[in-house]
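A.B. asks: Sequence:
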Amino acid sequence: IVQSRILYSKATGEQNDEHFLNDLRHLFKLFESMLANDDEKAIPLQETFLGSFPGALEQLMRVMDPRELAQVVTSLLGSVGFHLPPQLSKAKLIFMRQVADSSLLINQAVRMQISEIFCRHLMIYITNSERLELCYDVLETLTAKVHDNHWPSIYRLYHLTIKNQPQQDDQPRLNNNQKVISIGEIGIHSKSGMIQANQLDLALMNVANELEPFVKLMDPLLRLLDKLVRDLNNDRPIIQHYYNCLLTILKLMGKASFEQFAARRQMDYLTLCELIKSLRAVYYRDWSIMQLTSHAILEHPIDEISRLEFTQQPNSYIHLIVNFITHPTLQLETFSERKKGNVLTVFGDLRLKFGSQMIKYWQNLSEAKICELIPTSLQSFLDAALIPNPDLQRMLLPLFYDMMNADDHIKSDLRQFERCLIDHLDLYMNLDRGNTKFVMNFETILTNLIEARLPTWKSNGLKTVNSVSRLMHLLLSYRQSLEDFDGKSKQMICLVDLLGFYKEQDRIDIYLKYLFKLCDIHLDAGYHTEAAFTLKLYADELRWCNRSLSALDGFRPDEQEWKRKEALYHRIIHYFDLGKCWEESISLCKELASFYENYLVDYEKVSGTLKRLAQLLDNILTEHRPESEYFRVEFLGSDHPDFVRGKELIYRGGEYERLAAFMQRIKSEFPGARMLSVKERKSLVGDKTAKNCTIPGQYLVISNVKPVPFLQDTFKPGHRIINDKILQYYLNNRLDTFSYDLPIVKGESKDKSGEIDMRNLWVGRWILKLKKQLPDILPWAEVVSREYIEISPITNAIETVSAMNVELSKLILSYSKEASKQLSPLTMRLQGVLEAAVNGGPAVIINAFFKRSSQDEGACDQVVFDSESLLKLRNLIKQQFTLLESGLGLHSRLAPPEVMPLHTRLVERLDTLRRSFIEETVQVENNYDTLFQHVPATRNADKLSGAGSSGEQQTLINSSSPSHLNNLDEVDGRPSKGLQHHDANGNVCLMDNDDQIYSHPSEINILCSKENHKQQITPNDTKNEFGSPSQNLTTNSSSLSTLAILGNMPLNHRARMSITPSKEMNATLYRGSSGLSQLQESTELRNRAARRLTYDSNRLSADLSKSLTLNSRRLAAASNVGKSSSSAQQVAPPLPPRIFTHSKQHTIATQSQSSVSEHSQQQQQTPPKGALNGSPSLPRKNLSANQSKIVVPQQRTTTTKPTVIREG
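Everything in the sequence shown is counted per my numbering, starting at 1 for the first residue and increasing by one.
Since the hints were made in silico from the structure, they are not lab data. One or more of the hints may lead you astray.
Simulated DEER-style distance windows between Cβ atoms [unchecked claim]:
hint	residue 1	residue 2	range
1	Leu344	Thr436	22 to 28 Å
2	Leu684	Glu504	37 to 43 Å
3	Leu344	Glu32	54 to 60 Å
4	Gln87	Ser9	37 to 43 Å
5	Ser703	Asn441	40 to 46 Å
6	Gln331	His473	22 to 28 Å
7	Glu133	Val2	31 to 37 Å
8	Ser459	Arg720	56 to 62 Å
9	Lys29	Gln313	51 to 57 Å
10	Glu367	Ala263	27 to 33 Å
11	Asp349	Asn315	24 to 30 Å
The structure displayed is predicted, hence computed values, not measured ones. For every residue, glycine included, the Cβ atom is placed at its ideal position computed from N, Cα and C.
Let the hints inform the model, and build the full structure from the sequences given.
C.D. replies: Shown next as structure tokens:
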């Protein structure tokens, strides 16, 4: 029809089209009536019309005015109505979409006219959630028409205006490369006076006018999206279309549009913020362009809405902004360099834009409001500040200063700020947020602000900043340790540091979280003892009360405090049991039993706890428990990790872990480190400590250390006897002091024969003090102090022999009780002592300190040893010979036939050593009493003579070590000084009173025959463990308390020791009426032939005159007994050593019944005066109260069995 009218007009030249237009208008009226018909029969006709009419719009526009035609379209649409059948409703929306897509909407006036009606109809459908698929087609088409007709021209005008803008002094020139994404941003620049262009202002006004119907549609559209976004997976395509429409509308909205929206909005601000955050998940994560575009468009609308809603819920705005800043799409650091450059070119760094908005918003808040926002908004600010963008951090970190200032002004302290910051830092940094640069920026920026502005809280502020910075360093170290799966040590150290920090801050909730993490790491590594000590930290904080506790991993919520403590105690006892530290559980079991008995009155639990305690005590006495070894590790070099760099640590080794295995373990933890020996260390760094060593690289120095135990008074040996099983734990645990030795050779290291010259072998001893005791919550501890002591050769020899005596005693006791054990350790130890290939054994010490030739050479070399040390060393060597004989006797009983040749050689070697020792110590024996006359009241550990000589050597003792301490005993009313020495473990201590000499009783009697080398074990119920008469000792007399004293036995002026020349001498007792002189000579022989070792710990030492008087009484008593009991004397076996006690009882000399006849035959062949098997007679010595000497004659080989005298 339109085409015919156009052709007719051209043919006739008729220009009056009014008649034709009136006909068209009448036709449209008829169409409206048809569409308004409610008859169902008319529905097909209506659907046909609605589907075909939009196709005629192009032709109608040729004969009708577009605005009139738009009026026709809206009238037709209005005739259809709203509540329609489904098929007609669908036809209506299709009609609207086709109209919106036609060229009719090119004209702005037509668009505005049609958009208003269409948005009204769409609002009904969107509100009722009907025909949503067709609705978004209509809406997308309409919004696209508006955007395409306005945005290009406005954007072009914006850039032209910037280019032609005149430069002004008071305003910065806009950057032509500055990206704007929305009309709202352009409007901000225009209103700020930076852009002077009326054209651009007019264009912005036109857009605002045209968007008015869409702004009205915004609220229903947002509510629809809020409804659809809850089921995102099913409705994602629909939501994406509506979100696109929403973004298009927001992009075109200016300030006036936002004001209009705020006036009509029915959705509350909090819901709107949550909806905007939710809509960002509409696009898939890999749709980077869409994600970036949506964020760029939403930046300005969020700012505008927040300004309109400033007084309402600032928390919601802050959380919304931070949620945008931290969105993964905006984290440019995760992009490739090429993608990062493209994003910056098109969008810029959107995080900075959002950050600027938040700064502007924050600056308008009052201090009271800021203080109120700290608990709820600090987490959001910290979340944004942890982004690794230096510019963003410099923008946001000053906000923390404002919080501190508000917190101090409102609440007069910074406690709230600090606690909230610590909570959130612990959370975020455990989620891999933050880095070292952030810590530096945090500390630097806040410190500079505080120092520049000088607030009243400056000192507290700096303290808070340092504390938080320290926490961040600790959290970073712990996080790095988690990345190293083999670095369990670093994890433990970091966790302990965190425990210390949170303990200082009184943050028990976070403290417990890391405490249980440390416990789990210990259990994974097999450190059950350390795990128990870790849990005990928490158990000690709890009380036996009914207070309810908060929920905790592994424990029930609202649990009573005593129940949780009870559960912890049971776990701790179990872990101590696994770690074989039963002693640590004793106090816990007692506390539990007391609680059950006195508070719960639950005797069943009391019984169970006491049974468990009894089992623990049985384990201590019966179970085998290897002693832990301790190792020193020195970390040298600047390339070591921070947690060990420049430190010296003492490690507690595992069960049966020796030095080689430990070195391998440490090497696996530090694969890049190089092992250094002591010599290599000295040549590399000299005498510098690890802390002062700054050489590049990683170096390790590893060595064994000896524990220096500190026994409580309860476990110190006194009049009671303590089982060695009990003492064993306390001698090797609860330690905070250790020592290690380094050899020092002063002079020639070897003598003329090529053997080690012990006289020149000094020892440099380092005493190490630890920060904490071992064991503890860590299997190692840091060395905090060091002391250096030089040990003289004689003291070194004393300690060496003492240590060996203790080790031999332990072996003998062990094999005496458990004869079924493998014999090789005992065999190797005996062979190692008697045929020592490394240090020469006792022979080297005898040659160095007791040989006349060595003494003469020593005198020439100005090496002089004090007489008391020589006597002590001599007594210790005698003890060692006795222990060796006991060990060989036990070895002969347990050894198989194939080992007997070795056993025979060891026996012969022992005889040779003993004979040599007796021959070389005659001079010392003869001058025994003279030596004591020259010992002053106060004695040092080593006294050297020869002062003034060029070769003089001295003992260098650190001034900090105690050298003069008073003992509790007194002699003649004057306090006597103790004697400083070192025990077998290297412990610096003082000698006890002189008369406290402890015997070392033997467990067996050995009858040794040279012909067949057989040894017979003769148990005797009336004797103690080593077969000696036992009047006051129990069967546990050979405990470690006794063994510890053996290594450091002080001299006794009244009780002297002499060695029995077993198998090589024939001691003869004179009987009858030979006269007093013969009896005195016989008494001298008895005193030389018996090994005398006194156990008298309850007596105090007496002075020298009293001791000499007591010796005279003993000799007189022995003479009387010799007359009356000569017929009852028997030949006794030479081994083991006998015990002498000082008492006023008469001395009884006994001999073995099996040797009476043999002894009688030997007595007839014995020379009458002092001769022993043909040896020359010795001159008698007049014994008086002032002098008493014991002379040991030169020995000769004999095959007869010697006689041993026992004193009761």
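A.B. asks: Look at each hint and say if it fits the structure.
C.D. replies: Okay, the hints, checked on the actual structure:
Between Leu344 and Thr436 the Cβ separation comes to about 25 Å, which falls inside the hinted range of 22 to 28 Å. A C-beta distance of roughly 38 Å is found between Leu684 and Glu504, which places it inside the suggested range of 37 to 43 Å. Remark: the range hint 54 to 60 Å for Leu344 to Glu32 is upheld by a beta-carbon distance near 56 Å. A beta carbon spacing of about 39 Å between Gln87 and Ser9 agrees with the range 37 to 43 Å that was offered as a hint.
Checking the proposed 40 to 46 Å range against Ser703 and Asn441 shows it holds: the Cβ atoms sit about 44 Å from each other. The hinted window of 22 to 28 Å between Gln331 and His473 holds, with their beta carbons roughly 24 Å apart. Between Glu133 and Val2 the beta carbons are some 33 Å apart, a value that agrees with the proposed interval 31 to 37 Å. The hinted range of 56 to 62 Å is satisfied by Ser459 and Arg720, whose Cβ atoms lie roughly 58 Å apart.
About 54 Å separates the C-beta atoms of Lys29 and Gln313, a value consistent with the hinted range of 51 to 57 Å. Glu367 and Ala263 have their C-beta atoms about 32 Å apart, which keeps the hinted 27 to 33 Å range intact. As the Cβ distance of Asp349 to Asn315 is approximately 25 Å, the hint placing it in 24 to 30 Å holds.
Violated hints: none; the structure is consistent with every hint.
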